[in-house]
Structure formats: C-alpha cells, structure tokens
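Participant: As a plain string of letters, each chain reads:
Number of protein chains: 2
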Amino acid sequence: MKNGLIVSISGPSGVGKGTVIDKLREMFPELGRSISVTSRPPRGQEQDGVEYYFRSKEEFEKLIEEGEIIEYDQYVGNYYGTPLTPLLTMSRGGQSVLLDLTVAGSVALQEKFDETVTIFLLPPSLDELRGRLSGRGTESAELVEKRMAEAKGEIAQAAKFDYVVTNYEVEQAAAEIAAIMQAENCRYERCSDAVDTLLAQ
Amino acid sequence: MKNGLIVSISGPSGVGKGTVIDKLREMFPELGRSISVTSRPPRGQEQDGVEYYFRSKEEFEKLIEEGEIIEYDQYVGNYYGTPLTPLLTMSRGGQSVLLDLTVAGSVALQEKFDETVTIFLLPPSLDELRGRLSGRGTESAELVEKRMAEAKGEIAQAAKFDYVVTNYEVEQAAAEIAAIMQAENCRYERCSDAVDTLLAQ
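Here the protein sequences line up with chains D and S, keeping their order.
Position 178, counted from 1, in the first sequence is what the working numbering calls 178; the numbers after and before it change by one each time, with no gaps.
Position 99, counted from 1, in the second sequence is what the working numbering calls 300; the numbers after and before it change by one each time, with no gaps.
Since the hints were made in silico from the structure, they are not lab data.
Incorrect hints may appear among the rest.
In silico lysine-lysine, BS3-like type, Cα no more than 27 Å apart, as pairs [to be verified]:
#, chain 1, residue 1, chain 2, residue 2
1, S, K218, D, K2
2, D, K146, D, K160
3, D, K17, S, K203
4, S, K203, D, K152
5, S, K203, S, K361
6, S, K224, S, K353
7, D, K2, S, K361
8, D, K23, D, K2
9, D, K160, S, K361
10, D, K2, S, K353
11, D, K160, S, K203
Values in this document were obtained by computation on a predicted structure and should not be read as measured data.
Please model the entire structure based on the sequences and the hints provided.
Facilitator: Now the structure itself:
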C-alpha cells in the first residue's frame, strides 16, 4: 500500500487559508486532519483523541522535549500543539492528511519528516492582502499594519516551501493544490512498489 | 516571465504513449513540440525548421559531438535526431514543450538540462501490454516476445524518472500528466520571481 501524503499549507494571516482548506475538505472528504494535544482539562462530553488529546502540563512538556510537538502555543495558561505521530500513523495507513500550520510549523514538520509536501499560499498582491485584513472590520489600522509586517516576514520564507500557490480565488487555489496532491502521488519514490510489482509478474 | 516546462514522456512500445500525447496536445494546443534534425535532403516543399532542420551528414555528426543531439537514430543511411537548443529557446520564451523520447533520450535530456520533467508511462500490467502488442496484429509472436523483453528492461529504468503514470485509459493518464504540469508550475523554484515581485511592492 502506498503511504498517504502529508500536505501542510501555510500563509500569512488574511490570505484565505481557512477557506481554501475548507474547499479542499469538501472536494476530498477522505483527507485526514490533525487533532491537537492540549494541557487543558476536558470539558463536558469531550473525549481524548476526539476533540483533543488531553495530557497534563508535565506530559505536554515531555512531548515537546521528545520532538513530538510540531508547533504549539499557550493560551490562558494551557498548551495547545500539533502532534507528529498521529500524522505518520495516518500516512502509513494509506490516508493522506491536510494540515493548516504556521510557516514555522510547516518548516519544522518538513525537517522531522522529509516526505511532507509543503505549500505556501500567497495573496495576489500586498494591496489585496491589506484590503482583506482591513475588510474584516474588526482590526484597527495599527493592527493591520502589524499583520502586514508579519506577512512580509512570512512571505520572505516561501523559499523554504516545496510549492507556492497564489490565492486569486478559492476554486482556482484549491484546484492547484488538488493538482499538486495528484502529481505528488505520481512521483517515482511513491510509486516504486507499483513498478516492482509489475516487474515481478 | 516564467520559463516554460520541458516535459518528456517515455514508456515501452505498446503502452499507448502516442495516444496519450495526442490527447494532451488536444487539451493544450499551445504546447511546443520538437522538430527533428535530419541529414536527409529536403523533399518537395519541405522547409528548414518546419518539417525538419536539414543539415549535412558532417554537420549532424558535429552536432552529436557538441552534445546538441539528445537522441538520434539512423534510417536508410540518414540521421534523424532531437536537438536540444530549440527546446531551451521555447522554454526561455515561456512556452512549455511536450516531448516523446526514448527512455535513454529522457535520461540524457535530464542530464543536460536538469529542469526537465520526466514522466514514465506504465502499462496496467504486463499481460495487458502483451495483449496490446499482439492486438496490433502486425507483429509475429516472436516479435511480441522481443518487445516484451525490451519493455521489462525499460520499466526497470523507471527509477530514473521524476514521475510514473499508469495508462489505464487515455483520459485518466492525460489528466494525471496535466496535473503534473500544473503542479510543476507551482514549484517554488519556478515561482520565486512572483514572490520577489510581491515583496518588492
């Protein structure tokens, strides 16, 4: 059986990453997703391995030390992170996985697992990005400029990614990412078993 | 401007390479094609650079020495070959080129120009390939077995190619190759200008 792809998409705030990923999940409902690990206690009916993997703060810090956490953040005193092993398990089981990671997260994942396919989502222009950030209406002019500065810093790291897709509109960007996934499944390294099987006939 | 892709497709005799390439040219009429060089004299209205590039035998041999001929063959005492420079000129002019080369030709082209995208077309099975070769009805059982032995030797070289596509049927194979071309156009190395332009805004 062929390993599933691990596809990680990053891009600056406001680029429309969430919408493009939602579109891809609609096109390919079989795509796996990451379940985060958190150190906050479960609430109500929440189950370990469903909404989150629930771990103690100490366990979480041990996972960080072991290199098991691709990226993490702290919020109201609790850790939230993306664990590596479940992604590898899905991939080895033949299921492709689509991830929404920060730029640093995609780069870290590729370092840990070099078969990862990393895609950087670009805005059509910086003006367009500023327009989208301002258009949210919830962010002050000052915050928009802060996000723009962050965006430029992130775009400058696009060279660390395998692919670059410009998000002119959601259907086009999702179709380009779908083509990337289809092409990656045809790379010789992922098809060598098929070739060996054929030659063994 | 972005360089055009140079896409080379190879596969064993009987795999259906010609049909898949015809389908791709129908889908993408803008794709460039190679014009062969020959040492045979022009016939009738044939023009240099249209049907063929016409060169003397000595000139052809000089082109071989210079590494300008990707692959060549001799037929009734005349050379026929695929020249490198016109492909690079089309690519640098932004036009993508689709080529039908032997396995050795694809490998030689990739050595000369490492941006080449090489695709190996596989049959669904060896039985299916034998069926297609026999089905032509023009080839003796002996010749079919000779072609099958050649096919195995060629399939064993698939590891030298970037991509492997199985030709279950022409539409599926052409669609996979179209996805590969779309994905290759999104590779960071081919999009770095777009990123630089964005950052310069």
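Participant: Hints first: check each against the structure and report whether it holds.
Facilitator: Structure-based check of each hint:
Among the hinted pairs, K218 (chain S) with K2 (chain D) is consistent with the structure: their alpha-carbon atoms are about 25 Å apart, no more than 27 Å. For the proposed pair K146 (chain D) and K160 (chain D), the alpha carbon gap of about 23 Å is at most 27 Å, so the pair holds. For a cut-off of 27 Å, the pair hint linking K17 (chain D) to K203 (chain S) stands: about 25 Å separates their Cα positions. Between K203 (chain S) and K152 (chain D) the alpha-carbon distance is near 22 Å, which keeps this suggested pair within the 27 Å criterion.
The suggested pairing of K203 (chain S) with K361 (chain S) holds, with an alpha-carbon distance near 26 Å, which does not exceed 27 Å. At roughly 26 Å between alpha-carbon atoms, K224 (chain S) and K353 (chain S) fall within 27 Å of each other, so this suggested pair holds. Distance hint between K2 (chain D) and K361 (chain S) is fulfilled; the C-alpha atoms sit about 19 Å from each other, no more than 27 Å. About 25 Å separates the Cα atoms of K23 (chain D) and K2 (chain D), which keeps this hinted pair within 27 Å; it holds.
A distance of roughly 25 Å separates the Cα atoms of K160 (chain D) and K361 (chain S); the hinted pair therefore holds under the 27 Å criterion. Restraint check: the Cα-Cα separation between K2 (chain D) and K353 (chain S) comes to about 22 Å, which is no more than 27 Å; the hinted pair holds. Only pairs whose Cα atoms come within 27 Å are accepted, and K160 (chain D) paired with K203 (chain S) is accepted, the gap being roughly 19 Å.
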